[in-house]
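Whole structure, please, built from the sequences with the hints as guidance.
There are 2 protein chains.
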Amino acid sequence: MVGHLDPQFLGIMDNIQKMLRRLFRTENRLTIAVSGTGSSGMESAFVNVVEPGDEVLVCVNGVFGNRMSDIVERIGGVLHRIDRPWGEVFELSDIEDALASHPEVKAVAIVHAETSTGALQPLEEIGKLCRSSGRLFLVDCVTSLGGERFEADEWNVDVAYSGTQKCLSCPPGLAPVTFSERAVKKLKGRESKVVSWYLDLSMIEKYWTDGERAYHHTAPISMNYALHEALCLVHEEGLEARWERHRRNSAALVAGLEALGFRLFAQEGHRLPMLNAVWIPEGVDDAGFRKALLDDYDIEIGGGLGEVAGKIWRIGLMGETSSRENIMTFLGALEALLQESGCLESPGAGLEAAAAEPG
Amino acid sequence: MVGHLDPQFLGIMDNIQKMLRRLFRTENRLTIAVSGTGSSGMESAFVNVVEPGDEVLVCVNGVFGNRMSDIVERIGGVLHRIDRPWGEVFELSDIEDALASHPEVKAVAIVHAETSTGALQPLEEIGKLCRSSGRLFLVDCVTSLGGERFEADEWNVDVAYSGTQKCLSCPPGLAPVTFSERAVKKLKGRESKVVSWYLDLSMIEKYWTDGERAYHHTAPISMNYALHEALCLVHEEGLEARWERHRRNSAALVAGLEALGFRLFAQEGHRLPMLNAVWIPEGVDDAGFRKALLDDYDIEIGGGLGEVAGKIWRIGLMGETSSRENIMTFLGALEALLQESGCLESPGAGLEAAAAEPG
Numbered sequence: 353m354v355g356h357l358d359p360q361f362l363g364i365m366d367n368i369q370k371m372l373r374r375l376f377r378t379e380n381r382l383t384i385a386v387s388g389t390g391s392s393g394m395e396s397a398f399v400n401v402v403e404p405g406d407e408v409l410v411c412v413n414g415v416f417g418n419r420m421s422d423i424v425e426r427i428g429g430v431l432h433r434i435d436r437p438w439g440e441v442f443e444l445s446d447i448e449d450a451l452a453s454h455p456e457v458k459a460v461a462i463v464h465a466e467t468s469t470g471a472l473q474p475l476e477e478i479g480k481l482c483r484s485s486g487r488l489f490l491v492d493c494v495t496s497l498g499g500e501r502f503e504a505d506e507w508n509v510d511v512a513y514s515g516t517q518k519c520l521s522c523p524p525g526l527a528p529v530t531f532s533e534r535a536v537k538k539l540k541g542r543e544s545k546v547v548s549w550y551l552d553l554s555m556i557e558k559y560w561t562d563g564e565r566a567y568h569h570t571a572p573i574s575m576n577y578a579l580h581e582a583l584c585l586v587h588e589e590g591l592e593a594r595w596e597r598h599r600r601n602s603a604a605l606v607a608g609l610e611a612l613g614f615r616l617f618a619q620e621g622h623r624l625p626m627l628n629a630v631w632i633p634e635g636v637d638d639a640g641f642r643k644a645l646l647d648d649y650d651i652e653i654g655g656g657l658g659e660v661a662g663k664i665w666r667i668g669l670m671g672e673t674s675s676r677e678n679i680m681t682f683l684g685a686l687e688a689l690l691q692e693s694g695c696l697e698s699p700g701a702g703l704e705a706a707a708a709e710p711g
Numbered sequence: 353m354v355g356h357l358d359p360q361f362l363g364i365m366d367n368i369q370k371m372l373r374r375l376f377r378t379e380n381r382l383t384i385a386v387s388g389t390g391s392s393g394m395e396s397a398f399v400n401v402v403e404p405g406d407e408v409l410v411c412v413n414g415v416f417g418n419r420m421s422d423i424v425e426r427i428g429g430v431l432h433r434i435d436r437p438w439g440e441v442f443e444l445s446d447i448e449d450a451l452a453s454h455p456e457v458k459a460v461a462i463v464h465a466e467t468s469t470g471a472l473q474p475l476e477e478i479g480k481l482c483r484s485s486g487r488l489f490l491v492d493c494v495t496s497l498g499g500e501r502f503e504a505d506e507w508n509v510d511v512a513y514s515g516t517q518k519c520l521s522c523p524p525g526l527a528p529v530t531f532s533e534r535a536v537k538k539l540k541g542r543e544s545k546v547v548s549w550y551l552d553l554s555m556i557e558k559y560w561t562d563g564e565r566a567y568h569h570t571a572p573i574s575m576n577y578a579l580h581e582a583l584c585l586v587h588e589e590g591l592e593a594r595w596e597r598h599r600r601n602s603a604a605l606v607a608g609l610e611a612l613g614f615r616l617f618a619q620e621g622h623r624l625p626m627l628n629a630v631w632i633p634e635g636v637d638d639a640g641f642r643k644a645l646l647d648d649y650d651i652e653i654g655g656g657l658g659e660v661a662g663k664i665w666r667i668g669l670m671g672e673t674s675s676r677e678n679i680m681t682f683l684g685a686l687e688a689l690l691q692e693s694g695c696l697e698s699p700g701a702g703l704e705a706a707a708a709e710p711g
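Line order of the protein sequences matches chains A and B. Here my numbering is used: the first residue of the first sequence is 353, the next is one more, and so on. Here my numbering is used: the first residue of the second sequence is 353, the next is one more, and so on.
Identical copies carry no separate label here, and so any pair may be met within one copy or between two of them.
Below, simulated DSSO-like cross-link-like pairs (lysine-lysine); rule was C-alpha separation at most 27 Å, straight line:
hint	residue 1	residue 2
1	540	480
2	663	558
3	480	537
4	458	545
5	643	558
FYI, nobody ran anything at the bench for these hints, they're computed from the structure.
Printed below as a string of C-alpha cells:
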C-alpha cells in the first residue's frame, strides 16, 4: 500500500485514465474512477451537470432509470420522465416527442444496459439528436462497459458512468466516469456549487488530471490497483474480441435456455449478452430454486427487482464469467434442479443446444 | 468474491457492525461502513441529519472543520462558524458563547483529531452541553478512531464518522459511521429527502440492519473483507492496549524530535499520538526533504495542508505503523538527512532520547 500522493500511485492513476479512455472510446480528458460503487457514478453524473431548476428528460424502463429520476429530483432538477414497459427499449421518436413537449430540457438521460430487465438500448440516434439540439446526453453503461460495444465519442455521449464489478471483472468499489468538454463547460459555468462535496468533479479533477495533484480525498488505493489490473486484462484481450466473446456465449446460453422451454424477458433484437433475463417457469419457487442453486452448485443468479420481483431470473455472463464452461455448468445444474422439482421430464436438451452453438 | 446478497457476505456485514459498535463504544443500531472513503463519511453525517434551513454550528481549527463548513453550505444548511487558530483546540466556553448567540442551532459539529494540525479536541463537556440543550452532536473521528480514546455513547455523540486507512490500518475505501437513536429520529422525521441518493441512510439501513436486506447499491465486497479483518486485529489487541501503544510510541517519537530541536505544532496537552505535527526547521527545503525521505528511505511523511503548507510536517504513527521500530528507522533517516543538508552537527541525540522512553 502506498500513499495517495505517492509518485508511484500517481503513475497508476495516469495509466488508469489512459486505459479508461480506450475503454469508453473517448478522447475526454476528464475520464477517471470515482471513489464509490457504480451508483456513486450515477450520482456524480447528475450532481455535476444538473443545477437546481435545470430541466432533465429521464427515460425509464427499469430500476436504474427510476433511480436516475429519483436523483434528479433530490438535487432540485426539474424532472420530465418518459416510461416504456420494463424489458422494452425506447424509440428515437419517444425522445423526439418528449423534447417537443419540453423544449427547455437541457439534458437527456438513459440507460444503455438495463440490469434489471436485460434490455440493450440503441444510443446512436438519440446521441445525434441531443448533440444537434444542444443538449447534454447522459448514459448509464454500468453493465455494458467492456462487454458490449459502447462508443462515447462516436455516439455523442457527454457523460457516461459505469461500475467495476460487471464486465470489467474487478471487485465493486469504483465508478469509471467520462465527461465530454461540453459537460465540463457546463460544470465550470455552474451558478451553484455542486451539492455533493465528495463527488464535486471541479475539485476532484485537480487531483486526477492536473499537474497540481491537489489533495481532495484519499483515493481507495487498493481498489485502484485492482482496476488497473482489470483494465490491463481487458485491453490484452481487446475490446472487439471481448464484445464478440460476450455475444457468442450469450447465444449459447440462450439456445440452451430456449431448448428447455424458457422464454426471454427483454424485447427481441435488444437483449444484453451479459445479462440474460428469463421468465421463471410456472410452478418453480423463485427463492427456493435460487437458494438450491447457490447451496448445491455455488452458482448465484439474480432475482427480479422491483415490479418483476418473483417473475424473472437474471443470468449474468459478465467479463471473466462469460465462458462456455460456466454456461455448461449452469445448464447442467439448472436441468438437474428442474428435474428434481418435477418441471423437466428428460434433461439434456439444454446442454445439447448450447453445445451446438459456435464456441 | 461473493455477491453482495450472498448469505456469507451478509454474515460478514453483521460481524462488521458488531465490531464497529465495540470500536465506537456505542450501542447504536445504525453503525455501518459507508461505501466510500472517510470524506464520504463526513458527507453522510451532514446530508442525513441536516435539512435545508437547519442551523448548524461548525467549529473550525483546520482543514477538516473547513470541509464540514463547505458541506453544510452546499446542502442548504445555515452555517454558523467559529474559528480557533490552527493547532489549538476549542474551549467549552467557545461553544457556549456561540450557542448563546445562535439559539436556533440544531447541531454542533467538531473534529476530534484534526489531521491537518495534530490537535486533539476534548469532547466530553461539549457532548453534555449538546445533549442537555437538545442539539445533535456530530464528530469527525477519522484519525482518532482505534488509536485514541473515543466514547460515542459516554460522550453523547450523536453522529460520528471515520475512515479505514488511519488507525485501523485497513486500505482506504470505507467510512465507518454511527448514528444515535436521536440522529435516526431526525433522519426519519425529515421533511425533505436526503439530497444524496448514494448516502441516504434511510435506504441503506434497510440493507445493513433490517432482516429485509433490501438492495440499495452493490457493497464494495473486498473492502468489507479488509475491514472485517482489520477490526478482528483491533479487538484482538484490545482498544485500551491499542490507545496505550499509540501514546507510548508518540512519546518516544516526540522525545526524539525535541532532542533534535524540533518544536511541536499543536497546543500543548492537546496533541494527537497518531499524528505528530512539527514546525519545519529553518533552512530545510520542505518538498526536497520529503522527496529524499521517500526516495532514499521509503518513508512518507505528510506536508502541511492549507495555511500551514510548507510550514509543518505531519508524522503519522497510525495503527500497525505505530511501532518502536518505525520510530527508530525514521529518526535515523531524519538525522542522516538533516546532517547531509547541514542542519545537524552531531547525529544520535534523537535516537538516544527515543530509546530512553519506556517501550
